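Dock chain A against chain D, hints included.
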Amino acid sequence: MLIYEHSRPGRKGAPQAPISKADLSDIPQHLLRKDRAALPEVSELQAVRHYTRLSKKNFSIDTHFYPLGSCTMKYNPRACNSLAMLPGFLARHPLTPDQHSQGFLACMYELQSMLCEAMGMAAFSLAPMAGAQGEFAGIKMISAYHQSNNDDERREILVPDAAHGTNPATATMCGYSVREIPTLDNGDVDFEALQKAVGPQTAGLMLTNPSTLGVFERQIEKIAAIVHEAGGLLYYDGANLNAILGKIRPGDMGFDVIHTNLHKTFSTPHGGGGPGSGAVGVSARLKPFLPVPLVVEDSGNYRCLSERDAPQSIGRLSAFMGNAGVLLRAYIYMRLLGKSGMERVSEFATLNANYMMAQAKRRGFQLAIPDRRASHEFIITLKKEASELHVTAMDFAKRLLDLGYHAPTTYFPLLVPECLLIEPTESEAKEALDGFMDALEQIREEAKTSPELVTTAPHTLPVKRLDEVSAARNLDLRWKAG
Amino acid sequence: MPFIPHTEQEIDEMLEAIGIKDTDELFEEIPSHLKISGLDGIPQAMTEMEISRLMHKRAAQNREAVCFIGAGAYEHHIPAAVWQLTTRGEYYTAYTPYQAEASQGTLQLTYEFQSMITALTDMDVSNASLYDGASALAEAVLMAVRGNRKSKSRRILLPRTVHPDYRKTTDTIVSGQNIELVEVDYDRSSGTVQLDALKQAAGDDVTAVVIQQPSFFGTLEDVDAITDWAHENNALVISITNPLSIAVLKPPGQWGSNGADIACGDGQPLGAPLSSGGPYYGFLCCSQALVRQMPGRIVGRTTDVDGREGFVLTLQAREQHIRRSKATSNICTNQGLVVTASTIHMAILGPRGLENTAAACHANTRELVTQLTGIDGVRAAFNSPVFHESVLLLDRPAGEVLQALAEQNILGGYDLGMDYPELGNAMLVCATELRTEEEIMAYRTALQAVLAVETPHKEIA
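The listed protein sequences correspond, in order, to chains D and A. Residue 438 in this note's numbering sits at position 438 of the first sequence; the count goes up by one each step and never skips. Just so we're on the same page, this note's numbering is the position in the second sequence counted from 1, plus 1000.
Hints may contain errors.
[As the list claims (entries may be wrong)] Quick list of in silico lysine to any residue cross-link-like pairs, SDA-like style, CA-CA up to 20 Å:
#1 464(D) to 1304(A)
#2 1057(A) to 301(D)
#3 287(D) to 147(D)
Treat the hints as calculated values from the structure; they're not laboratory data. It should be emphasised that the depicted structure is a prediction, and the values quoted were computed from it without experimental measurement.
Chain D with its partners taken away, still in its complex shape (with noise of 0.2 Å):
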């Protein structure tokens, strides 16, 4: 049932507004609007339990194991919203002047340092309000590095065909055509072909390392070597850094520019699709280029720097800071850490990833990349069981929510067929691993013994499967009157 159903002419909800209109006759009438909008009318009481009820229909962290993978559904610490929810962080306005500010500057300032030891770069701007967003930051910084060079002529951009489709959607965005590099059934870049592919056409190569098939890229020296040989710049895709968080740094590995994902790695909420939060970093040579605004001290003093203090700069990515609450969070979770807590992330991350790897080739499941250590995720193919059984990953998936898990990514990448790509996140206890390897099994044996069951999954949620051919095909938006 829809808000608007339970709407009624002239119902007023409560005292949350003005009793009265105030006058506006000094407002010409023509630009005055005639009509009232069809905003639902409804009690305040009428709104919190509907907007309870549908909070219900939702899996979440909160209430379920996510093995999302490439997500990194870790726990989010409630101190981080309660505490960047504090009222004298909610009440400054953007554009308060800093000597007003320095609490909010000062957390911002040690963020930034933070992110630079933990990543390896000479520095970071918070600006980017998503991971996409830090992508497009970062290729346009290496856009600019050319250009400041004069260097004109490289109009290309290598990404492994493993990879995030952000990534090329990035590129093209900033103006550059894009050149897939095929991937080893081992997981590995094919080295040879990208040999073949770099060139003076070459602005840059973006990577994530441990890369989306779960697997930490072996000849990252060798590659970083190359793209740079050939005056290109290499770009780190901050995906899966809990895989690597505390043990090796993207700047070591060679990479010039980097974007995480704070809502990722730094655990701030997923929110049901955002506020993500990009923050991008870089080594010395491309300092000048970060987007604005920066925080900066000065003898114990936190200012803003803008466009007129970086005029090399990018520029502004958005109207003020960026993802501002979503930053205080991500600084209130890496202080809770600290540094052991940090260095403990990727061990216990990958020690689980590796345990249901583990468990998964026990219980006779074909694992994507069976003979190498998995990163903070891994991939099971369900062909066999596609082929044999006639039940697909997609079905697995279903099922999987009938028995209380969220399912993990399918059909990504799009190397492996029938996959699941599976990310349990250090924060989950053994108990919820083993539970969700016994639902995967269950689901294998009722392939066998009841199939429909799994393959018209799932019986149990508030809707069954959807047609998503005819939402796209009879467009159907919004809710329209009568």
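Chain A alone, transformed into the frame defined by chain D:
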């Protein structure tokens, strides 16, 4: 260990299952000379008690002040229920609704959001949100270039009455794509963009015209005439509006004879706290004809196999995870959580609540301007009608005056000197429904006192 539940015994069992002796072996594929021994520059862990103490101290270091700054972010009342519901774990810790059956809460809420924001803007369709108003304008420009098949020039008219940081953001985002952003100057006496200036900047061919209503100055543009002129010249119209203001001002879908083609703006005034500039959300609506050019997530209503109503992400063939380098945008996440708050905010306030709030903002700003222009040395910059925000001219540098006011914990407005030096000592002021008569009078008294003090500047003059 913070947020890691493993017992020693479990760790041993897990290592044994993997067939290794210790966790170091998990990283054996990483070249050993690249590994670090630890993160020595990171401070030691804090307990929740300690971080709580620190954050309370830091929050208190942000000095409390009475805010008369708008300029794209507005301090409004937000019902207590809004963020209490929004931070329920089921909303707060879910992700993009890839598994529709397990995400009907987020999906239905997004559909309701699309319904409400299209009702406010009076447009056909909306997406599930973008990052903020400024980046939404950039996406709107890209969308117009893709969608306007009658125009070849890729020329966009961007009046200087549009928020300066929106213009800068748009320039950053579209600059790699061979798009010409043409700045159009405003009329000095009215503070609005004139049709003649647009005509002059247009040349033979224009892809789209951007209009902000109310303008960055708070002035009201002649949106009907500009929209009709743009359409007669085969240009699309992109509107930027404060979504609260269109509860009482003519919404973009009703501009001119046919309405704006793309409507964008920042959703912050509808339920997002100021919070240093984010997270807010950008809204993006358009006419039915342009729906397939839309970037970002879109939710549609459909049915399940039993005919029950349900909601899914739809038109995904536009998006980066399917189309990769040929996608409409690289955007992946939106600002789902803030949209959740905003939807609940709109539901609780309802159409009358939003109308009364918008009208109260306008009335308070009108009162503020009346009081301040009653002071010697303060006058209104423009002679045209304004809504909810206004430019005042001072006989002293605005930066100095604002700093003196800030020392008395009054954030008196936004200094326009950097972006509009031609205006002289100009500041942009705003009083939302939260400002009281006492606060407005206190501002008047303080400003009067600041301006009365003799300064070196005055002596030189």
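Verification of the hints:
1. Among the hinted pairs, residue 464(D) with residue 1304(A) is consistent with the structure: their alpha-carbon atoms are about 5 Å apart, no more than 20 Å.
2. A threshold of 20 Å between alpha carbons decides the hint, and for residue 1057(A) with residue 301(D) the separation of about 16 Å falls inside it, so the pair holds.
3. This hinted pair checks out: residue 287(D) and residue 147(D) have alpha carbons roughly 15 Å apart, not beyond 20 Å.
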